[in-house]
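Per our numbering, the sequence shown starts with residue 146, numbered consecutively.
If you are wondering where the hints come from, they were derived from the structure by calculation, not from laboratory data.
Predicted, not measured: the structure shown is a model, and the values here were computed from it.
Some hints could be false.
To be verified - With a cut-off of at most 30 Å between alpha-carbon atoms, the simulated BS3-like pairs for lysine-lysine come out as follows:
hint, residue 1, residue 2
1, K260, K340
2, K288, K265
3, K340, K265
4, K340, K288
5, K288, K260
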Amino acid sequence: MDKRKLLRGLLWDVGLPAVVYYGGRALGYDVLPALAAGGVAALIRVAFVAVVHRRLNGLGALVGASFALLLVLSLLTGDPRILLARESVLSGAAGLLLVGSCLTGRPLIYTLARKLNAGKPELLAEWDERWRTQPQFRRRFLKLSAVIGGVLLADAIVRLVLVYLLPVDVMANLSPVLHVGSLAVLVGWGIWYRKRAVEQVHAR
Numbered sequence: 146m147d148k149r150k151l152l153r154g155l156l157w158d159v160g161l162p163a164v165v166y167y168g169g170r171a172l173g174y175d176v177l178p179a180l181a182a183g184g185v186a187a188l189i190r191v192a193f194v195a196v197v198h199r200r201l202n203g204l205g206a207l208v209g210a211s212f213a214l215l216l217v218l219s220l221l222t223g224d225p226r227i228l229l230a231r232e233s234v235l236s237g238a239a240g241l242l243l244v245g246s247c248l249t250g251r252p253l254i255y256t257l258a259r260k261l262n263a264g265k266p267e268l269l270a271e272w273d274e275r276w277r278t279q280p281q282f283r284r285r286f287l288k289l290s291a292v293i294g295g296v297l298l299a300d301a302i303v304r305l306v307l308v309y310l311l312p313v314d315v316m317a318n319l320s321p322v323l324h325v326g327s328l329a330v331l332v333g334w335g336i337w338y339r340k341r342a343v344e345q346v347h348a349r
């Protein structure tokens, strides 16, 4: 995968809703309409990516469904905190899927890695053989799924607590920072873990 393209995608996913939210607040809109506008902008991006790639993946469907449900609940109750909790729902769901996949013996990161390399049958055949014969290969994907899932679960819990402890405006401003912080932790750990794995291979 093109790492720069992936990074640009992440920046769009995190930055676009924040920019729309701040723009709405600058124009004098209340918190709930500004949050709703940011969520709609995120949905438009999901739809745009789906049209460009001619497919809507499960993550895009989950983002859209969760936003629609929580937006309705926020409008019915008048509580913008419900909409702010959307990030916790998404992070928590992803974290549970990743951690739960470790218990099934088929970690989700391994499944996703195979999909990303679907056009490389020789590599996939090599991976199948290593999965059957090399316990350390299996442990690597188990650890990746467990750590990433754990960070996402921690992010969901911390975010949900802060949503109901902090003023709505403060939490709306803090949410992008939490996104960047969680991503920084995962990227930093991933770089360290990959470097360590390479060093172990060369040491044998």
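Results for each hint:
Only pairs whose Cα atoms come within 30 Å are accepted, and K260 paired with K340 is accepted, the gap being roughly 24 Å. At most 30 Å may separate the alpha-carbon atoms for a hinted pair to count; K288 and K265 meet this at roughly 24 Å. Distance check on the hinted pair: K340 and K265 sit about 24 Å apart at the alpha-carbon level, within 30 Å; holds. Restraint check for K340 and K288: the C-alpha separation of about 15 Å stays at or below 30 Å, so the hint holds.
Taken as a hint, the K288 and K260 pair is honoured in the structure, with Cα atoms around 19 Å apart against an allowance of 30 Å.
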